[in-house]
Amino acid sequence: MALKTYRDLGKKLSNDLVYYIMFLPVLVFALVFSYAPMAGVFLSFTKFKSTSPDGPEFIGFDNFENLFVGIKSDLFWTSFGNTIFLSLTNLILATVLSVVIALLLNELVSRKGRSFIQTVIYLPHFMSWVVVASIFTIVLSPSDGLINNIMKFFGAKDPIYFLADEDWWTPIYLFINRWKETGWGTIIYLAALTTISPEQYEAAEVDGAGRFRQMLVITLPALYTTIFIVFILNLGKVLNIFESVFVLQNPLVYDKSDVLTTFAYRVGVKDGNYGLGTAIDLFKSFMGLVLVLTTDAINRRIRGSSVL
Amino acid sequence: MTRNRFVAAFVLVLMLSAVSVFAQTKPKSIKLMVDGTFQVKENGEQVLVDGFKALTGMDLILNHPIHNEYYTKVDLAFATGDVPEVVLLGGNYYLKYAQAGLLADLTKYYDASSFKKNIKDPSLVEALKVNGKLYGIPFERGNGTITYVRGDWLEKLGMKAPTNYAEFLDMLRAFKNKNPDGLTPDQVIPITAAGLVNSEYPLDIYLREFYQDANPDFVKVGGKWVDGMTLANMAPALDRMRSAYAEGLIDKEIITNKTSTARDKWNSGKVGAFNYWAGQWNENLQKSIAPNVPQAKVTPILAIKETKYIERPSTVYAITKAAKNPAGIFKYFHEFVLDGAKGQTWATFGTEGVFHKVVDGKLQWMPSIQDPKKAFTKAIISAEIPMNKWNSRYTSSDLITNSLALFQASNKAYGLIPFSEEALELVPDINQIRTKYVAKIVFGDLTVADGLAAYAKETSKYSRIILKELNSQK
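Taken in order, these protein sequences are the chains called A and F. So for the first sequence, the numbering used here puts the first residue at 1; every next one is plus one. So for the second sequence, the numbering used here puts the first residue at 1001; every next one is plus one.
Warning: the hint list may mix true and false statements.
[Said to hold, decoys possible] Subject to a maximum C-alpha distance of 27 Å in a straight line, what follows is the list of computed DSS-like cross-link-like pairs (lysine-lysine):
no., chain 1, residue 1, chain 2, residue 2
1, A, 256, F, 1031
2, F, 1252, A, 152
3, F, 1468, A, 47
4, F, 1321, A, 47
5, A, 270, F, 1031
6, A, 270, F, 1468
In case anyone wonders, no lab produced these hints; they're calculated from the structure.
Work the whole structure out from these sequences, hints included.
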């Protein structure tokens, strides 16, 4: 019996050999760059600093205790709260705006106009965060920034230091993120829209449905699976916000802008406390997993199927 | 008989100890880790390494990360065991590795060294001792920042360099409201800096005119360490900054400035006063503002009477415990660099014919390899601020010597704070909180009293641990 199974397996492998060979580089890449580094998770259970000449020393859950209830707990919980708020708000805005813009683009009749708009809104995605931060620092400058000059023209007395104001920093941060990434986020939805059969729209038109009604009853339901898959895929990496925050934060807005990755960077990379830094990042990864599994469970309950 | 044998054995041990200190084996190579103060690859790094080999017969094996990442790489080198034999360390990093026992004790080598008698100010070396031991040798002084003002604006306004805080404020107001270049008050930045609290030590090196005698760091008062933020002189200092900011005298964007941003603003010709490095930087700032504002004069001023400039602790070349032959390295590297002759010429002026040339017995810089429009200004250590007395056969420009003379006439040395390893782990956190509250107070988000009270509350658990450790040290 076992021999037969092995024979079947061998036959299957030899039949699909070409595909397995094609898959091999991906497998090697994933093993080397995704799985092998996971061994570093061990460091989060150790005391390992730049001043540890004998290497990592196993200390169990002491690093997590330090983060949750110890001396670093205030900074940790502040950065955790900010991470969750900024990431989830950003993700929800990203999903809503990308879908809306994809739908609007889909309604454009002029192909040239559509291509032009697509190119314009994709471009910011290719700019580095350092460049984006520099542009917005200049545009939002309280000294001679474009926005403050416009406000002054319309009679505003005092300029607003947008990037250094706790009330303004979060909306500005979210706006900059959307300015940079919304266009890019529409690509998958635009691709999904091309798969919808034109006959459905024709039938709806015959039934007297206007374009808005067609969008509600045909387009959106057809996009639902794509929206959910993209949402869950993004949810898995949503807590990895670093560059965007790092280049835009300053001492006046630490309470609103410090996130787990910037905290881990300071502790792990700048201060050379690799054990504690890894613990912060492991916690962040764990929370990412919890978010993905929770959302998938909700989806399963609503739609009866899992996307994972 | 037994006594004689004991004495003989004792003398033998003493002799062997002396031999071990004074008779060193010459290393074949030295592994050296340095930051961007060592000439980079594109600007003659290999020429310097070859020059060292030609002069000493030893290979210099460099670990030379880019400047901004230097200490991250140093930490990684120590953590992974890929430790250099000699490493350049400054401030708290020197302290951290010395406290952790990862650096060789150089006290006895320094005491027996050929250059000790030539050290200009031995107190600067003494200040680098950690628990009475010296773990690194400075090749040049720590230097510090001085306030530069637009001398041409002062002249046109008929004003003299300010000597006290009131005059300093008057000068900033005049720069803003009666600007000699015709700039409107909105366009002028009377004074700028890279932040209200420096991101490196000393924390209060910039904005000296406003901090005056206050210091946001831990300070020793009456033999006891206290948090400078809680002292009585901090509230007036913050009040001065807050009032000046509200009046538009301090750069509106000071909190988002980096040093490069502050320099760019200065170079644009809109800034009236700027606290920056003394010495070579006077010349650099003069050259970089000239294309935009040809008439600009970058004029350093003496510290106003209420304060002094701050001289940083020198960066040091430490020998790590990974070095098997510390005595040999000290003899053939440290003593070579401070020999007041060929070695020091190599370290200061680089290789003749590439970095410098000799004209009529005097040294002159040659065009830099990376940018031939500019001349070299140093090889590894600055010509103007060596630790020791020596005849370099070089004369610096008036700008450099003048700003250094003014700086040295009105500065105080900043000592290392003897943080323990555990305390050092908390210092970045408390510094972040300090920066946050100073910014909130100066920007008017909190009153001085409320801000300091909130600061004290938020940092109490850090201060308690750090101060307990600092004050328990003998």
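Cross-check of the supplied hints:
no.	hint	result
1	256/A to 1031/F	44 Å, violated
2	1252/F to 152/A	16 Å, holds
3	1468/F to 47/A	23 Å, holds
4	1321/F to 47/A	21 Å, holds
5	270/A to 1031/F	24 Å, holds
6	270/A to 1468/F	25 Å, holds
When the structure is compared with the earlier hints, a violation turns up for hint 1 alone.
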